[in-house]
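Colleague: Work the whole structure out from these sequences, hints included.
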Amino acid sequence: MSNVNATPAVQNAVVDIRGLNTRFGDAVVHENVNLSVRPGEIFALVGASGCGKSTLLRETIVLQPPVSGSIRVFGHEVIGLDDEQALPLRRRWGVMFERGALFSSLTVSENVAMVLREHTQLGARLIDEIAAVKIALTGLPADAGPKYPAELSGGMRKRAALARALALDPELLFLDEPTAGLDPLSATGIDELVRNLRDGLGLTIMMVTHDLDLMWRAADRVAVLGEGHIVGTGTMAELARIEHPLIHEYFYGPRGRAAREQAWKQR
Amino acid sequence: MTPADTAQLTIQTGAATGTQVRCAGCWTVQGIAALDDRLERVKWPQQGEVTIDGSELAALDTSGAWLLQRTIRGLEARGCTVRIDGLRPQFASLLQLIAARVGAAGMSPPPAAGFLTRAGWQAWQSLLGAARMLSFAGENALALLRAFREPRRWRWRHILYNLQTAGFEALPITGLLSFLMGIVIAYQGAEQLQRFGANIYVADLVGLSMVRELSPLLTAIIVAGRSGSAYTAQIGTMKVTEEIDALRTIGIGPPELLVLPKIIALFIALPLLTVYTDVTGILGGMMMARAKLDVSFTTFLDRLDEAITLRSYLIGVGKAPVFAVIIALIGCYQGFRVTGSADSVGRQTTISVVQSIFLVIVTDALLSIVFSWLDL
Numbered sequence: 002m003s004n005v006n007a008t009p010a011v012q013n014a015v016v017d018i019r020g021l022n023t024r025f026g027d028a029v030v031h032e033n034v035n036l037s038v039r040p041g042e043i044f045a046l047v048g049a050s051g052c053g054k055s056t057l058l059r060e061t062i063v064l065q066p067p068v069s070g071s072i073r074v075f076g077h078e079v080i081g082l083d084d085e086q087a088l089p090l091r092r093r094w095g096v097m098f099e100r101g102a103l104f105s106s107l108t109v110s111e112n113v114a115m116v117l118r119e120h121t122q123l124g125a126r127l128i129d130e131i132a133a134v135k136i137a138l139t140g141l142p143a144d145a146g147p148k149y150p151a152e153l154s155g156g157m158r159k160r161a162a163l164a165r166a167l168a169l170d171p172e173l174l175f176l177d178e179p180t181a182g183l184d185p186l187s188a189t190g191i192d193e194l195v196r197n198l199r200d201g202l203g204l205t206i207m208m209v210t211h212d213l214d215l216m217w218r219a220a221d222r223v224a225v226l227g228e229g230h231i232v233g234t235g236t237m238a239e240l241a242r243i244e245h246p247l248i249h250e251y252f253y254g255p256r257g258r259a260a261r262e263q264a265w266k267q268r
Numbered sequence: 018m019t020p021a022d023t024a025q026l027t028i029q030t031g032a033a034t035g036t037q038v039r040c041a042g043c044w045t046v047q048g049i050a051a052l053d054d055r056l057e058r059v060k061w062p063q064q065g066e067v068t069i070d071g072s073e074l075a076a077l078d079t080s081g082a083w084l085l086q087r088t089i090r091g092l093e094a095r096g097c098t099v100r101i102d103g104l105r106p107q108f109a110s111l112l113q114l115i116a117a118r119v120g121a122a123g124m125s126p127p128p129a130a131g132f133l134t135r136a137g138w139q140a141w142q143s144l145l146g147a148a149r150m151l152s153f154a155g156e157n158a159l160a161l162l163r164a165f166r167e168p169r170r171w172r173w174r175h176i177l178y179n180l181q182t183a184g185f186e187a188l189p190i191t192g193l194l195s196f197l198m199g200i201v202i203a204y205q206g207a208e209q210l211q212r213f214g215a216n217i218y219v220a221d222l223v224g225l226s227m228v229r230e231l232s233p234l235l236t237a238i239i240v241a242g243r244s245g246s247a248y249t250a251q252i253g254t255m256k257v258t259e260e261i262d263a264l265r266t267i268g269i270g271p272p273e274l275l276v277l278p279k280i281i282a283l284f285i286a287l288p289l290l291t292v293y294t295d296v297t298g299i300l301g302g303m304m305m306a307r308a309k310l311d312v313s314f315t316t317f318l319d320r321l322d323e324a325i326t327l328r329s330y331l332i333g334v335g336k337a338p339v340f341a342v343i344i345a346l347i348g349c350y351q352g353f354r355v356t357g358s359a360d361s362v363g364r365q366t367t368i369s370v371v372q373s374i375f376l377v378i379v380t381d382a383l384l385s386i387v388f389s390w391l392d393l
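Keeping their order, the protein sequence lines are chains A and B. Just so you know, we're using the numbering used here here: the first sequence kicks off at 2 and counts up by one. Just so you know, we're using the numbering used here here: the second sequence kicks off at 18 and counts up by one.
Rather than coming from a laboratory, the hints here were simulated on the basis of the structure. Careful: at least some of the hints might be erroneous.
What the hints assert, rightly or not - Only some residues are given here: those of chain B computed to face chain A with a beta carbon under 7 Å:
1. Ala50
2. Leu188
3. Gly357
4. Ser358
What the hints assert, rightly or not - If you anchor each label on the Cβ, the simulated ranges turn out as follows:
5. A:Gln86 - B:Asp360: 36 to 42 Å
6. A:Pro147 - B:Gly91: 21 to 27 Å
7. B:Leu151 - A:Leu186: 40 to 46 Å
Computed from a predicted structure; not experimentally measured. Cβ atoms here follow ideal geometry from the backbone N, Cα and C, with glycine treated the same way.
Modeller: As C-alpha cells, then:
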C-alpha cells in the first residue's frame, strides 16, 4: 500500500495537506495526514463515521485549527489565518454544508443573491439574474427561487445550497456529504450535477462522503481516512485492489460490492 | 483593480461589416460591474449582422457568460443575427451551458402585488388568524373535556413542573415589582392626602388600587413576558424539529401534553401569585405611609380592613384565572403557528407577548365596564 499512500508533493496542487495532526483532548483524530488535490479533479475523502473527515474539511476551510501541520490552499498556508486574512481565499472557494445551512429567513434567490450583494458591486437587477442563473445551473426549476428553504425537499435544498456555494464563481468547491439523506434517485442526480459542474465550469471539487455510488460515478481520486491516517489514495479501481483491512471492509462489505457491481455494469 | 481585471467592450459600426463587438479582459463576477450599465446604454442596430469577437477574452465565468448571453438574446429579439467569433473552446462551452440551462421564461421576477391586493390579503389573514385562534381554543376545550372523562389523561407531572416554573419561580420578580409599585402609589398619594390632612386614607388608596386593579394586571403582564414567551419558544422549536409531528404519530395529542398542563398550571398559579403580590404591594405602601405620612402599621392595617371589602378583593383575584387562560392560550397558539425557520420562532414569540399583554389589558377594561354596569 505504501506506493499508493506516498503521493508525491504535487507542485500546483489546489489543496495540499502535509503532516497534519489533530487532537481533541486525548483523542487523536489525525496523525500525520498527507493529501493533495490536483487542479480540475473531483477528489473524495471517505472513511467511517467519526473518523475525522468532516474535521479535516473544517480545518481546510479555516473553521477550526489543527494542532500542527500544514494546509495550503491555492499555495497559501491557511492555518492560523483569522477571518479577515482568510477572506480573499474564501472568496475563491465555495462550501456546501452537509445540511445545506441555507438561511431559513431568506428565499433561495435571496440566499444566493446575498453573497453577490456582499462581495460585488453589481446592480440589483443583474444580481437577481445571476442568482437565477446559478439556481438554473444546479438543476432547480425557476419557481424554486422565491421559495423558502423550509418549503423545499431534501434534494432541492442540497441543490440550493450548491447554488449559493457557486455564487461567486469559485475555482474550488468543498462539498460535505453531498448525497447524505437523499433517496437513490436524487443522489444520482447529485452525482451527475457534480460531474457536469466540474466539466462545465472547470471547477476543482473536494468532497467528503461515504456514499460509494457517488465515489464510483463521480470521483477521479479517492482517499480513505482511517485510524487517523490516510490508508490509501487512488482511483476507485486502484483502491479496490489494496489489501488494507479497512479499505477491504469498506469496498467488499455488502454495500460496497453492490455499488462496485453497478459501476462495472455501466462501463 | 487594474483595467486588465475588468471587462472591456468596444463597439464599431461599419456599413459593410455590420456591427463589430470586441470583448476583452475579464468577464468575471468581479469585473463586470461597470459593464452592466454600459450595455444598458448601448444603441444597438435595429437589424443586420452583429459579430461578437471574443478572441481577447482573458477570463469568463458564469456571471460574465450570463451577461453575454443576455446581450445576445436581446439582440436576437430585435431581429439581429449574431455571430460569435474567436471564443476559446472552454468559454464557448460555458456559454452554451448557460444558454441551455437558463430558460428565458424563468428569468423575470414575479410582479409585486399592488396596494389593494396587499390590504385585502392582510385583512383576510387577520380574519383567518382570529378564526384559527378560536378553533385552537375549541380544540383545547374538547381535550379538556376528554381529560375529565378519562382521569388518567391528566399529566400531573407536567402540571406540577409548569406550576413550579410559571408560578413558584416567578415569586421573586413579581413580589419585588409589586412592592415597588405599592411604594410608588403611596408616595404619589402622600402629597395630595397630606394637603387635606387625610393621611389615613393612604390605606384606601394603596389597598383598593392594588387589590382590585394593579396587582392582577401587573402579575399578568410579568407572567405573559416570562412564561407566555417561553411557551411560544418551546412549542415553536418543537415544531421546527418535528417533535410535534412525532407526538401525533405516537398517538399523543399535542394539546393534551403541551397545552392543557400549561393552562391548568397557570390557572392555579396566577391567582396565587396575585394574592401574593396583593400582600407585597400593600407592604410597600405601608412602609411608605409610615415614612412619609406617619401612619403606623397598626393604624394602616385597621383602616385597610374597612377599606377593602371582600367583594373588591374577590373581583381582583377573580380576574387572574381569566388572564391566565388568555396568556397560556395565546402563548401556545403562537408556538403552533411557527413554520420551520429560526426567524419564525423569534417572530411568533414577539407576537405572542404583544398579543397576550394587549388582550389582558383589553379584557381588564371590558371587565371594569361590566362590573360598573352591575354596580359591583
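Colleague: Now, for every hint given, state plainly whether the structure supports it.
Modeller: We went through each hint and held it up to the structure:
A least Cβ separation of about 4 Å between Ala50 (chain B) and chain A falls short of the 7 Å threshold, and the interface hint therefore holds. Taking 7 Å as the C-beta cut-off, the interface hint given for Leu188 (chain B) is violated, the closest approach to chain A being about 37 Å. For Gly357 (chain B), the shortest C-beta to C-beta distance to chain A is roughly 3 Å, which falls under 7 Å, so the interface hint holds. Of the supplied interface hints, the one on Ser358 (chain B) holds, with its beta-carbon coming within about 3 Å of a beta-carbon of chain A, less than 7 Å.
Judged by the Cβ atoms, the range 36 to 42 Å given for Gln86 (chain A) and Asp360 (chain B) is violated: they are separated by roughly 31 Å. Taken as a hint, the range 21 to 27 Å holds for the pair Pro147 (chain A) and Gly91 (chain B), whose Cβ atoms sit roughly 24 Å apart. For the hinted restraint 40 to 46 Å between Leu151 (chain B) and Leu186 (chain A), the CB-CB distance of approximately 44 Å keeps it satisfied.
In terms of the numbered hints stated before, the structure departs from hints 2 and 5, listed from lowest to highest.
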